[in-house]
Amino acid sequence: MPKGVLVDVSRCIGCRSCQTACKNYYDLPATLPATKESWNNPPELSATDWTRVSYHMIKKDGRVQWRFVKNQCMHCNEPACESACFTHAFLKTENGPVVYKPTDLNKDYCVGCRYCMIACPFNVPKFEWDKTFPYVRKCKFCFERLNQGLKPACVSACPTEAIKFGDRDNLLAEAWQRINRESRYVKHVYGEKEYGGTAWMYISDVPFEQLGFKTNVSERSIPSYSWNVLRWTPYIFVGWGAILTAMRYYTKKRSQTHDESEMYAPVDKG
Amino acid sequence: MEKQRNWTFRITIYRLIMIAFVFIAAGAALYRFRYGLGSVTNLNDHWPWGLWIGFDLLCGIALAGGGFSTALIVHVLHKEKYLPIARAALLTSLIGYVIALISLFLDIGRWYNFWRPFFYWGYHSVLFEVFWCISLYTMVQVLEFGEIFFEKVKCAPLQKILHFFMTPLLILGIILPTLHQSSLGSLYVVAVDKLNPLWWSMIIPFFFVWSAFFLGPAMVTIEGTLAAKAYGRKPELSVFQSLTKVTLWMMIIYFVVKVADLSYRGVLSTAFNGSFESNMFLIEMIVFVLAPIFMYAVPSIRTRLWGVLTASILVVAGVIFNRMNVVFTGMSKGMGGHYFPSVWEWLITIGMWSALVLIYCFIVENFPILPREEHIETGSHTSIGTGIQA
Chain A
5 MPKGVLVDVS RCIGCRSCQT ACKNYYDLPA TLPATKESWN NPPELSATDW TRVSYHMIKK
65 DGRVQWRFVK NQCMHCNEPA CESACFTHAF LKTENGPVVY KPTDLNKDYC VGCRYCMIAC
125 PFNVPKFEWD KTFPYVRKCK FCFERLNQGL KPACVSACPT EAIKFGDRDN LLAEAWQRIN
185 RESRYVKHVY GEKEYGGTAW MYISDVPFEQ LGFKTNVSER SIPSYSWNVL RWTPYIFVGW
245 GAILTAMRYY TKKRSQTHDE SEMYAPVDKG
Chain B
357 MEKQRNWTFR ITIYRLIMIA FVFIAAGAAL YRFRYGLGSV TNLNDHWPWG LWIGFDLLCG
417 IALAGGGFST ALIVHVLHKE KYLPIARAAL LTSLIGYVIA LISLFLDIGR WYNFWRPFFY
477 WGYHSVLFEV FWCISLYTMV QVLEFGEIFF EKVKCAPLQK ILHFFMTPLL ILGIILPTLH
537 QSSLGSLYVV AVDKLNPLWW SMIIPFFFVW SAFFLGPAMV TIEGTLAAKA YGRKPELSVF
597 QSLTKVTLWM MIIYFVVKVA DLSYRGVLST AFNGSFESNM FLIEMIVFVL APIFMYAVPS
657 IRTRLWGVLT ASILVVAGVI FNRMNVVFTG MSKGMGGHYF PSVWEWLITI GMWSALVLIY
717 CFIVENFPIL PREEHIETGS HTSIGTGIQA
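Listed in order, the protein sequences are those of chains A and B. My numbering puts the first sequence at residues 5 to 274. My numbering puts the second sequence at residues 357 to 746.
Keep in mind the hints are simulated off the structure, nothing from the lab.
Calculated cross-link-like contacts (lysine-lysine; reagent style DSS-like; alpha-carbon spacing at most 30 Å): (1) A/K256 with B/K510; (2) A/K218 with A/K197; (3) B/K516 with A/K256.
Covered by chain B, per the in silico footprint, the following chain A stretches (three or more residues, Cβ under 8 Å): (4) 215-228; (5) 248-255.
Chain B residues, not near chain A, derived (Cβ > 10 Å throughout): (6) I367; (7) F563; (8) V602; (9) V613; (10) S619; (11) V643; (12) L665; (13) I676.
Since this is a predicted model, take the numbers as computed values, not measurements. Quick reminder that beta carbons are idealized off the backbone N, C-alpha and C, glycines included.
Turn these sequences into a full structure, and let the hints steer you where they fit.
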């Protein structure tokens, strides 16, 4: 059963325990507080910040209110990064996590081309720019913990059950139950269908576009787009090759042959 | 054949300056290999791809399109009047690809792993196709160039083997660039919702390969004129003129398909909404597509050297402009942040293009690339006739 996480934005209090738990578990260095024009700290995901809570000041029911959204890798059902990688350095594991082989499975396939960063629709993979031989880093859905039957570190740190771990199907059902039971929720589960569905899903009482989510996106997975183009390759190779060969022999008959070795000479200018 | 000449390479002040640029670039490149990308580039998590990929790789490969379009015209369609430019086109293309491969190598973070895609097949990635085709095509071009090489450096058995394989090599030498010129566009198919819809399209591979092809004749015109000027020869004006037909019709088709694609996807109106992207798009279309179409279509412009040269410069600049729009303009909203290449990124780029010029000069001065002078005279008479009639 593929696992998933349901994030209920209306329950999050913005305590950042999940951030700290992630840093602790993976022994990631702290980032200096950089709250510039918002309360987001760290300001964005990075090679050492795999998850963070983004703060949103919004107007709801005529009052200014805060909402907090935990951001991390969405762990797509059909990940763009996996399909974009030309050495297959990413892997969508059976139980949900999308892992990066060089750091997570000790298979150093990565070339460091960063096409995954172009491909990811959520701009999640980050690069260790300051290292001589950088890795791509991102949330790995604590796949080693999952294999031991544990919850992800961030989930076990959450004090309000704003993030809930379980089987993706059950969580999706529960999400719709909550939405249908309470009218305050927006009638949408973000991640149910976005780009073919993601393991991490969100429900909220505030429209998603006000919370920094990319809305109105394709329900088709990214890999299916590129595959639609790539699958023509063998036909073009054979077909175009046949046409070219035929044309070459057909037109050869009609043209007189030149002796190329007499035609050209090195440029002579002393 | 004449008797074996010694190797020559004239040193002038310009060449010395370019050699200096090459050395600076080589130094910066070594530093980058030792201390990583962050130490020399301004690349960041918002802009994983910058000048080296956007300009050196995407534009370099596109500008080398002269190689495969000329090969198709001369060796497959046997339009022999274009033979005088065939070898020069092959040479520029070959050097362009070598430069592109070097910039790719510079740009990958874990460079000691560059060989991985040959063994770990991520065949579902567009980059996989690009990588294989570019590597193979560079090899094919080296072999094609071998035929020229052995005209100077005599080695009969090798020359014979090469000659035997020339037809399959030529055919491969057109299929492979067709595939990867288009896949360089397909790279951005994954950037749906990221790349501005004015440039994103499921048929972006078509736009890339088509523009790389029609850019070929324009590039040959510019190179030919430059080489003629540098070496005090007569430019092959007649060849340039009759090539304009190819570019003209291909550009008209390009424009029509572009408009049809935009209106089919219902985003044509966003070209006129006054945003930065839409203005850049309009400049691309009007200055770099419609203007050269007009110049190529009017005989009194097309038949003059300045006319055909100006139009060709517009075409080449237009393809560069288009690639820059795809890599930077169109992606800027989707990626956020900002990026401007660092001094070192510029210096390495300048060094690589200087190396291209230097290698070109060395090779045409030592190998039979450009037509013999007396051959042009006779050749140009016949082709002026065909050029104007057509």
